[in-house]
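Asker: Sequence:
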Amino acid sequence: MGESLMQMPLGQIPCAAIDFESAGAAPGETDCPVQVGIVRAESLFGEMQCFTSYIACPRPVRWSAAKVHGITNDVLRNAPEFSSLWPDIKRMMSGCMVVGHNPATEARFLSAFPGHGFTPWLDTLALARKAIPGQGDYSLGALCRLCYLEPEIEALVPGKSWHDALFDAAASLLLLRLLVRELNMGQSTPELIPFAIKDR
Numbered sequence: 001m002g003e004s005l006m007q008m009p010l011g012q013i014p015c016a017a018i019d020f021e022s023a024g025a026a027p028g029e030t031d032c033p034v035q036v037g038i039v040r041a042e043s044l045f046g047e048m049q050c051f052t053s054y055i056a057c058p059r060p061v062r063w064s065a066a067k068v069h070g071i072t073n074d075v076l077r078n079a080p081e082f083s084s085l086w087p088d089i090k091r092m093m094s095g096c097m098v099v100g101h102n103p104a105t106e107a108r109f110l111s112a113f114p115g116h117g118f119t120p121w122l123d124t125l126a127l128a129r130k131a132i133p134g135q136g137d138y139s140l141g142a143l144c145r146l147c148y149l150e151p152e153i154e155a156l157v158p159g160k161s162w163h164d165a166l167f168d169a170a171a172s173l174l175l176l177r178l179l180v181r182e183l184n185m186g187q188s189t190p191e192l193i194p195f196a197i198k199d200r
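If you read the sequence shown in our numbering, its first letter stands for residue 1, the second for the next number, and so on.
Treat the hints with care, since some could be wrong.
Cross-link-like lysine to aspartate or glutamate pairs, in silico, DMTMM-like; alpha carbons within 20 Å at most [unchecked claim]:
no.: 1; residue 1: Lys160; residue 2: Asp74
no.: 2; residue 1: Lys90; residue 2: Glu42
no.: 3; residue 1: Lys130; residue 2: Glu191
no.: 4; residue 1: Lys67; residue 2: Glu29
Quick caveat, the hints were computed from the structure, so don't treat them as lab data.
Given these sequences and hints, build the entire structure.
Answerer: So this is what it looks like as structure tokens:
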């Protein structure tokens, strides 16, 4: 499936943007996810569907992480186990190009499902660095503010904000949509932007 997606025009590719929030980790500790957000579009410019869930964590959420995303141990009290979310994650992401903003953490957490087969991955950070040179801040929030995307994100996922996994996933997908449109790349294939494509 990954190879066939690489031959399709960017504007027609099914896409699934994913983001995780985590419990945070001290040196020597293994981090764990506490929230997942996925936004899927059957084509880049098509209608979107959303999925989000908190995730049970085997150890307490660190204070420094909770201060960023607001997810506390109390919030996670009745959260499902990560493994139980696999059917929903598979449903949302199968057959899609995976979208994320510097998605190393997302790839690492998804390794909990060996052989998931989600590929290729498109990194909106790498694409934005090429498409909008000279910026001092390439964080997802800074880029979306620069491109006036926040109202559109808020309309797609009302009641959410930055560092909510669903909000950040929506931001990544809407940023990709804007970059492809502004660069007039809707008919171009991912092979033309190899610097932003990874096979994880």
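Asker: Each hint needs a verdict: does it hold in this structure or not?
Answerer: Each hint tested on the structure:
no.: 1; hint: Lys160 x Asp74; in the structure: holds, 19 Å
no.: 2; hint: Lys90 x Glu42; in the structure: holds, 14 Å
no.: 3; hint: Lys130 x Glu191; in the structure: holds, 15 Å
no.: 4; hint: Lys67 x Glu29; in the structure: holds, 19 Å
Comparing the model with each numbered hint stated earlier shows that all of them hold.
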